[in-house]
Amino acid sequence: ELKVEQNPLFLSMQEGKNYTIYCNYSTTSDRLYWYRQDPGKSLESLFVLLSNGAVKQEGRLMASLDTKARLSTLHITAAVHDLSATYFCSAGKSTFGDGTTLTVKP
Amino acid sequence: DTGVSQDPRHKITKRGQNVTFRCDPISEHNRLYWYRQTLGQGPEFLTYFQNEAQLEKSRLLSDRFSAERPKGSFSTLEIQRTEQGDSAMYLCASSAGHRGVDEQFFGPGTRLTVL
Numbered sequence: 030e031l032k033v034e035q036n037p038l039f040l041s042m043q044e045g046k047n048y049t050i051y052c053n054y055s056t057t058s059d060r061l062y063w064y065r066q067d068p069g070k071s072l073e074s075l076f077v078l079l080s081n082g083a084v085k086q087e088g089r090l091m092a093s094l095d096t097k098a099r100l101s102t103l104h105i106t107a108a109v110h111d112l113s114a115t116y117f118c119s120a121g122k123s124t125f126g127d128g129t130t131l132t133v134k135p
Numbered sequence: 172d173t174g175v176s177q178d179p180r181h182k183i184t185k186r187g188q189n190v191t192f193r194c195d196p197i198s199e200h201n202r203l204y205w206y207r208q209t210l211g212q213g214p215e216f217l218t219y220f221q222n223e224a225q226l227e228k229s230r231l232l233s234d235r236f237s238a239e240r241p242k243g244s245f246s247t248l249e250i251q252r253t254e255q256g257d258s259a260m261y262l263c264a265s266s267a268g269h270r271g272v273d274e275q276f277f278g279p280g281t282r283l284t285v286l
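Each protein sequence line maps, in turn, to chains A and B. The opening residue of the first sequence carries number 30 in the working numbering; numbering runs sequentially from there. The opening residue of the second sequence carries number 172 in the working numbering; numbering runs sequentially from there.
Derived by calculation from the structure, the hints in this document are not laboratory data. Quick caveat, the model's predicted, so the values are computed rather than measured. A portion of the hints provided could be inaccurate.
[What the hints assert, rightly or not] If you anchor each label on the Cβ, the simulated ranges turn out as follows:
no., chain 1, residue 1, chain 2, residue 2, range
1, A, Met91, B, Ser176, 26 to 34 Å
2, A, His104, B, Arg252, 19 to 27 Å
3, B, Leu232, A, Glu73, 22 to 30 Å
4, A, Leu100, B, Gln221, 25 to 33 Å
5, B, Pro179, A, Gly82, 43 to 51 Å
6, A, Lys97, B, Phe245, 37 to 45 Å
C-beta: ideal position from N, C-alpha, C; glycine also.
Let the sequences and hints guide you as you build the complete structure.
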């Protein structure tokens, strides 16, 4: 059974700082997704990673995938308040982690 | 708006009552997913359709839950004899099912409260 673990579960950052969120999954998966969820809202797709070594970037967020290590990372560069949200990774077709709630403080 | 829509957005019911939720996917999407999400947790997979065929159903889903997707368009999720533990956000997502990609687009959700 595929399991997905994220860490940290909660992250408080200063604006302008860098940090990385980690997503580990338990069995082989050919795809990895990252989503963003704002409070009281639904999920918004951020990245789709389909192969080992895949790297995608959008603004201050960069996601990567290492299928051999069963690890994906979401790197935040020079955080701004607008990035405050909960970030989920999902492996396989439909298995989600419990999310990382990010708070960016001035 | 051509995104995924769900109805109703909120539902309050008494324990033991039946409820039905509707999801309208993006029109050209052939895959449709239902999830349940509780506070502080990630979405939990319930079931998945490819066109009108229900291809996968979570083992955690009791027989009080049933889903349909007649004609491969909209879908309904019914919960019979609701229990307080059914209180959650029910999310629907759709995808085009392109080979290897399967990027899912989520609807706004239906928040269920069982009293």
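Hints, one by one, checked against the model:
| no. | hint | in the structure |
| --- | --- | --- |
| 1 | A/Met91 / B/Ser176: 26 to 34 Å | holds (32 Å) |
| 2 | A/His104 / B/Arg252: 19 to 27 Å | violated (47 Å) |
| 3 | B/Leu232 / A/Glu73: 22 to 30 Å | holds (26 Å) |
| 4 | A/Leu100 / B/Gln221: 25 to 33 Å | holds (30 Å) |
| 5 | B/Pro179 / A/Gly82: 43 to 51 Å | holds (44 Å) |
| 6 | A/Lys97 / B/Phe245: 37 to 45 Å | holds (41 Å) |
Going down the numbered hints, you'll see the structure goes against just number 2.
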